[in-house]
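Protein chains in written order, with numbering that gives the first Met the number 0: chain C, 0 to 129; chain F, 0 to 129; chain B, 0 to 407; chain X, 0 to 407.
Keep in mind that the hints were calculated from the coordinates and are not lab data. All figures in this text were calculated on a predicted structure; none of them were measured in a lab. Careful: at least some of the hints might be erroneous.
Said to hold, decoys possible - Subject to a maximum C-alpha distance of 25 angstroms in a straight line, what follows is the list of computed DSS-like cross-link-like pairs (lysine-lysine):
hint	chain 1	residue 1	chain 2	residue 2
1	B	K265	X	K111
2	C	K38	X	K265
3	F	K13	X	K404
4	C	K13	C	K74
5	X	K86	X	K258
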Amino acid sequence: MDDFYRELILDHYKNPRFRGTLDPHSFTYEDENPLCGDKLRIDVRLDDTGHVVESAFTGRGCAISQASASLLMEKIQGASLDELRALNKDDVLELLGIDLTPARLKCALLSLKVLKAGAYGLSGESNPDE
Amino acid sequence: MDDFYRELILDHYKNPRFRGTLDPHSFTYEDENPLCGDKLRIDVRLDDTGHVVESAFTGRGCAISQASASLLMEKIQGASLDELRALNKDDVLELLGIDLTPARLKCALLSLKVLKAGAYGLSGESNPDE
Amino acid sequence: MTHSLATCRSDFPILAREAHPGVPLTFLDSGASSQKPESVIRAMDDYYRLHHANVHRGIHVLAEEATALYEGSRDSVQRFINAATRKEIIYTRNATEAINLVAYSWARANLKAGDRIVLTEMEHHANLVPWHILAGQIGVELDFVPVTDDGLLDLDAYARLLTREPKLVAFTHMSNVLGTINPVESLAAQAHAAGAKVLVDGAQSVPHLPVDVQTLGADFLAFSAHKMCGPTGIGVLWARQELLEAMPVFMGGGDMIRKVTLAGFKPNDLPYKFEAGTPAIAEGVGLGAAVDYLTGLGMEAVAAHERELITYALERLEEIPGVRVYGPPAERKGGVAAFTLEGVHPHDIAQVLDRDGVAVRAGHHCAQPLHERFDLAATARASFYLYNTRDDVDRLVVSLYRVKKLFA
Amino acid sequence: MTHSLATCRSDFPILAREAHPGVPLTFLDSGASSQKPESVIRAMDDYYRLHHANVHRGIHVLAEEATALYEGSRDSVQRFINAATRKEIIYTRNATEAINLVAYSWARANLKAGDRIVLTEMEHHANLVPWHILAGQIGVELDFVPVTDDGLLDLDAYARLLTREPKLVAFTHMSNVLGTINPVESLAAQAHAAGAKVLVDGAQSVPHLPVDVQTLGADFLAFSAHKMCGPTGIGVLWARQELLEAMPVFMGGGDMIRKVTLAGFKPNDLPYKFEAGTPAIAEGVGLGAAVDYLTGLGMEAVAAHERELITYALERLEEIPGVRVYGPPAERKGGVAAFTLEGVHPHDIAQVLDRDGVAVRAGHHCAQPLHERFDLAATARASFYLYNTRDDVDRLVVSLYRVKKLFA
Ligand SMILES: Cc1ncc(COP(=O)(O)O)c(C=O)c1O
Ligand SMILES: Cc1ncc(COP(=O)(O)O)c(C=O)c1O
Numbered sequence: 000m001d002d003f004y005r006e007l008i009l010d011h012y013k014n015p016r017f018r019g020t021l022d023p024h025s026f027t028y029e030d031e032n033p034l035c036g037d038k039l040r041i042d043v044r045l046d047d048t049g050h051v052v053e054s055a056f057t058g059r060g061c062a063i064s065q066a067s068a069s070l071l072m073e074k075i076q077g078a079s080l081d082e083l084r085a086l087n088k089d090d091v092l093e094l095l096g097i098d099l100t101p102a103r104l105k106c107a108l109l110s111l112k113v114l115k116a117g118a119y120g121l122s123g124e125s126n127p128d129e
Numbered sequence: 000m001d002d003f004y005r006e007l008i009l010d011h012y013k014n015p016r017f018r019g020t021l022d023p024h025s026f027t028y029e030d031e032n033p034l035c036g037d038k039l040r041i042d043v044r045l046d047d048t049g050h051v052v053e054s055a056f057t058g059r060g061c062a063i064s065q066a067s068a069s070l071l072m073e074k075i076q077g078a079s080l081d082e083l084r085a086l087n088k089d090d091v092l093e094l095l096g097i098d099l100t101p102a103r104l105k106c107a108l109l110s111l112k113v114l115k116a117g118a119y120g121l122s123g124e125s126n127p128d129e
Numbered sequence: 000m001t002h003s004l005a006t007c008r009s010d011f012p013i014l015a016r017e018a019h020p021g022v023p024l025t026f027l028d029s030g031a032s033s034q035k036p037e038s039v040i041r042a043m044d045d046y047y048r049l050h051h052a053n054v055h056r057g058i059h060v061l062a063e064e065a066t067a068l069y070e071g072s073r074d075s076v077q078r079f080i081n082a083a084t085r086k087e088i089i090y091t092r093n094a095t096e097a098i099n100l101v102a103y104s105w106a107r108a109n110l111k112a113g114d115r116i117v118l119t120e121m122e123h124h125a126n127l128v129p130w131h132i133l134a135g136q137i138g139v140e141l142d143f144v145p146v147t148d149d150g151l152l153d154l155d156a157y158a159r160l161l162t163r164e165p166k167l168v169a170f171t172h173m174s175n176v177l178g179t180i181n182p183v184e185s186l187a188a189q190a191h192a193a194g195a196k197v198l199v200d201g202a203q204s205v206p207h208l209p210v211d212v213q214t215l216g217a218d219f220l221a222f223s224a225h226k227m228c229g230p231t232g233i234g235v236l237w238a239r240q241e242l243l244e245a246m247p248v249f250m251g252g253g254d255m256i257r258k259v260t261l262a263g264f265k266p267n268d269l270p271y272k273f274e275a276g277t278p279a280i281a282e283g284v285g286l287g288a289a290v291d292y293l294t295g296l297g298m299e300a301v302a303a304h305e306r307e308l309i310t311y312a313l314e315r316l317e318e319i320p321g322v323r324v325y326g327p328p329a330e331r332k333g334g335v336a337a338f339t340l341e342g343v344h345p346h347d348i349a350q351v352l353d354r355d356g357v358a359v360r361a362g363h364h365c366a367q368p369l370h371e372r373f374d375l376a377a378t379a380r381a382s383f384y385l386y387n388t389r390d391d392v393d394r395l396v397v398s399l400y401r402v403k404k405l406f407a
Numbered sequence: 000m001t002h003s004l005a006t007c008r009s010d011f012p013i014l015a016r017e018a019h020p021g022v023p024l025t026f027l028d029s030g031a032s033s034q035k036p037e038s039v040i041r042a043m044d045d046y047y048r049l050h051h052a053n054v055h056r057g058i059h060v061l062a063e064e065a066t067a068l069y070e071g072s073r074d075s076v077q078r079f080i081n082a083a084t085r086k087e088i089i090y091t092r093n094a095t096e097a098i099n100l101v102a103y104s105w106a107r108a109n110l111k112a113g114d115r116i117v118l119t120e121m122e123h124h125a126n127l128v129p130w131h132i133l134a135g136q137i138g139v140e141l142d143f144v145p146v147t148d149d150g151l152l153d154l155d156a157y158a159r160l161l162t163r164e165p166k167l168v169a170f171t172h173m174s175n176v177l178g179t180i181n182p183v184e185s186l187a188a189q190a191h192a193a194g195a196k197v198l199v200d201g202a203q204s205v206p207h208l209p210v211d212v213q214t215l216g217a218d219f220l221a222f223s224a225h226k227m228c229g230p231t232g233i234g235v236l237w238a239r240q241e242l243l244e245a246m247p248v249f250m251g252g253g254d255m256i257r258k259v260t261l262a263g264f265k266p267n268d269l270p271y272k273f274e275a276g277t278p279a280i281a282e283g284v285g286l287g288a289a290v291d292y293l294t295g296l297g298m299e300a301v302a303a304h305e306r307e308l309i310t311y312a313l314e315r316l317e318e319i320p321g322v323r324v325y326g327p328p329a330e331r332k333g334g335v336a337a338f339t340l341e342g343v344h345p346h347d348i349a350q351v352l353d354r355d356g357v358a359v360r361a362g363h364h365c366a367q368p369l370h371e372r373f374d375l376a377a378t379a380r381a382s383f384y385l386y387n388t389r390d391d392v393d394r395l396v397v398s399l400y401r402v403k404k405l406f407a
C-alpha cells in the first residue's frame, strides 16, 4: 500500500498541479473511463513553434488517475507536439513510479489517452495506442 | 449382459409374435422415438364387449423395443379396453424381467406408449403417462 | 442448522488462504460471486475423474452416470425453489442469459412496437440491456420505476406506470447495490392485475433468501449458480410450464430437438427445448451440490445470519465519519453495503483495503443508471454471505480507518 | 512429443477406472466428449480453492488473480488457432452457441428474405437448426450440398449451388459421423469467389487436427472445449476482427457494455462485446490448460496418432462379417468409425459392448439428415482420441464378435 500510495501520488492527488481549463487553447479533449466513471478533460495551448506553453486538466477520478494527470501536465510543459504524440504507457508508469495491476492501469492511462487523442485530433476510439 | 439380453428377450426379438398389421382394426396408432429412430405401429381389433380379439405390431428398433412389443401383444390378448388403458411402465418391465437404464427405458416403453395412445384415441404427445 | 452455519466457514477452502503474505483474507465480495464449499469443488472434481461423458443419448456406463448426476441436479434445483416440475428448470450460462432467453423467445413472440415494459432504476445491466436491445429491434417502450432517496422503489410511480398497461414488468428481487429487498409478491400481484407478465431477477435473492416460486408471484425467475456456492458457467431460468411450452425456441442445435430433417425441425420437450448443444454438465453437477449444501444449512438460517451481519455492519460503518451507506435500513435489505467515504475515490478505498486483505468491490457494480440516480460515479461495496462473520466486519472497519488516515 | 503421446494415457484419471467391477474401461466415445487430463482438472480445482472471484472489475487480489488466469486462457486459445488478436476469441457455452451467435448477430444484420445459405447433408444439428430457425424467422433459403456414397461432399453440386450466390456457406471441417475431413481451404476459396462468407464448424477438427485460422480460409470458426480435453460449459467463436466489429451485439448484460443509461447502452470492445454476464471463469481456466496440454503434445502428433489408429481400426472392423463402416477411407478421415452390424440394432451393439467396458455411442449422433441420406435410423460409432491405443481397437473387435454371437 505504501508503494501504491506513495507520498508523490497522494501529494499530486491532494494538491493537483495544472488543474483548470484554458481559453483559448490549441486543443482540448475529454474522455471517460466508463467502467469506473473516471472523467478527464485536458486543454493545451501551443506556441507558434508547436510547443506546449500551458496545459490544464479537470475531471474526477481516483488518486491514480488524478495524480497521473497532474504528473503528466508537469512533464509536458515545453514539449513539442511530436513529443506529445510519442508519449507512451511507460512514460506514465515511470512518472507514477509504481507497479500497477491491470485493473488500475486504465486509471493511470486515462490522462495519456485523453492527451494523445487531443494531440492527434482524433476520436478517443481510434487512439493509435489502443 | 446375460441379464440384459435374456433368452426371452432375444427369442422375442428374433421370433416376434403378433407381427403384422390388421385390416380392419378397431384402432391403430403409430409413433416413433425420434432420438433413436425406433418406429412402432400397433393395430388392435376389439370384439363387441370391448375386449382384444387380435393385435399386431410392425416397426423397427432395437431388441428391447421389439421384444417389449412382442411381449406386450402376447399379454393383451383378451384384455378389455380399460385394462389396456390401465397398463403402466411396471407391467412392461415385468414382462421384460430386466432392469433398464434410463437411456433404454424409452426403447422398452415405446410399445406401451403407442398402445395407450391408440387405446385413448389420443395423440402421442398427450399420453396421460407422460 | 444454525450450528452448521456457525462452523461453515471451514467448508470453504479459499477462505483459509492469505490475501498477501502474512495477511489473512477477508472476503466481502460475494455479491459479485460467492466462494465454493469443499462439497461443490469435490463434486465437480469427482465428476471429471470418474464419471464424465456426454449426456442424454449414451448407452454406456459413463454416459449413464453422467446423465444421472447432471439430471439429478435439476431435481435438486426444482426442490430448492419449489418448482412444480423439473421441466420448468432451464439451464443457461448465467442469470444474464436467462433474461436474454426471455427477451429473445417470449418477448419477440409476444410484444410488438409500442408495447411497454416496466423496469426499475435499480436494475443490474443484465435486466436493462436485453430490453434496450429489444427496444432497438422491435420498438417496445421502456418505463422505469424511480428509486427513492432511501433506496426503495417508488410505489406510487409504479402504480401509475401500470396504468399504461405494460406487457411485462421486470425487476430485481434484491438490489446488488442498495441491498433493497423488493416486495415481489405485491409488485407481481399489481402487475398481473394490470395484465403484465412478471420477470424477477433473482440473481441476488435466490442465493440469500428462501425463494418459493409457488408464492413468489413471478412468471419468470432468473439466477446464477456462481453467486450461490455453485460454479461459474451455469444459471437457471425458471418459468411456468405453460409459458415455456408456448414460447418459441431460442438457440438451435443438438439436444433441443426431437427431430431434424433438411426441411426443418421439431423442438424437444421441456426443459431440453431451451438447452442447445452439449450442456454445462460438470457445472450442473456443481450446482446440484451447491443447492444441496444450501438446503442443508437452511435458507431461513442463511437469511437470518446475513440480516444479523448487515445490521451490525451498518451500525459500525455509519459510525465512521465521512462514510455514507446507500440503501434502506437493515430491516429492508440483504447483506450488501454500498458506501462512499468522503474525499476518497472508491477505487482507492478498495485498493487500500486490499492491502489489508479486505476484498470489496469498487465501481458501478453493473448498475450505472442507479449510480447516476444518486449522482455517483462509483461506490465501494461490501457484500456478505453465509461464511462471513462479525470479525470480517470489524476488519473492514479497522481498514477503513487506515484509508481515512492515508487520505486525510 | 510422440514420446509424451505414447504415455499420455496415464494423464487421464478416468481411464484408470473400471467400467464395471473387474471390467476395464475402453473409452471410444471422445467424439461426443473427450476425457480430461489431470492438468485440466487440477487447474479448475486450484482455481476454486485458491483464486476465485468475479473477473474484470475487481480491485482485490482474488479478482486480479482470477482475471489474469481467465484472460490468460484467451491468449492460449489465440495462439492455439493462430488468431491475429485475442479480440477475435469470443467465449460461448459451446460450439452450438457460437454458431447461434453468428445466426442471431451477423446473419440477422446481413441477410434478408430470399438470401441463400449453403449447408451440407453431413452437418451436425448444431449447424442446421440455427439456420432453420433463421429461415423460419426471416425467410432465408437453405441449400444442401449432397454427400456421396463414399461420404464425401459432392463438389460438382457445391459448385452449382455457389452459382446461386449464397451469402453464407457453413459446413463442418470434419464430420462427427463419417469422419470425413472436408477440404476447407478450397471450399472456402470457392465460396469467397462466389461472394459468400464462410462459417466452419470446427467442433471435430480443432480437437484433432492442427487448425490455423490464417490459412484455413474461414470467416467464422466454432468449437467446444469439452471435445478437446477441456471442461464442459465453454466454447469458442473465432471470427476476423473487422467482422466482429461490424456485427451487432447478441446478448445484453454486464461486461458486454461500455456504458449504460436508462435510454440505452454502448457496447464494450471486443471480445467482451459478445460476452454478456459473468463468464464461465473456471471453464476458461480449464480451456487454457487444455490448450496448453494439446500444444505440449503437438497437434501434428495428435493427428498422426489418430490417423494410424483409424487405419488400423478400419482394417480390423471391415474384417468382421456383417460390419459396414460408413464414410471415406482412412486417408480422408479423422478418428471416427460409424458402423452397423447386420441384424443388430446399434443400441443393442452399444449395450452389449458396454458390458465389456467398451464405450461407443449409438444413435444418430445429432446428424439425422445424414442418417436419412444413408437410409439408416442409427449407427454405432467408435471415436478415438490421443489417449486411445491399438489395444482399444482390439477390445472393440473382440467384443463385437460377442455381439454377433449373441444375436446370431
Ligand atoms: C461436428 C459437430 N458440430 C457441432 C457439435 C456441437 O458441439 P457442442 O454440443 O459442444 O455445442 C458437435 C458435437 O456434438 C459436432 O460433432
Ligand atoms: C441483481 C443482479 N442481476 C443480475 C446479475 C447478473 O448475473 P450474472 O452475471 O451471473 O449473469 C447480477 C450479478 O452480477 C446481479 O447482482
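Do the hints match the structure? See the list:
no.: 1; hint: B:K265 to X:K111; result: 24 angstroms, holds
no.: 2; hint: C:K38 to X:K265; result: 17 angstroms, holds
no.: 3; hint: F:K13 to X:K404; result: 13 angstroms, holds
no.: 4; hint: C:K13 to C:K74; result: 18 angstroms, holds
no.: 5; hint: X:K86 to X:K258; result: 19 angstroms, holds
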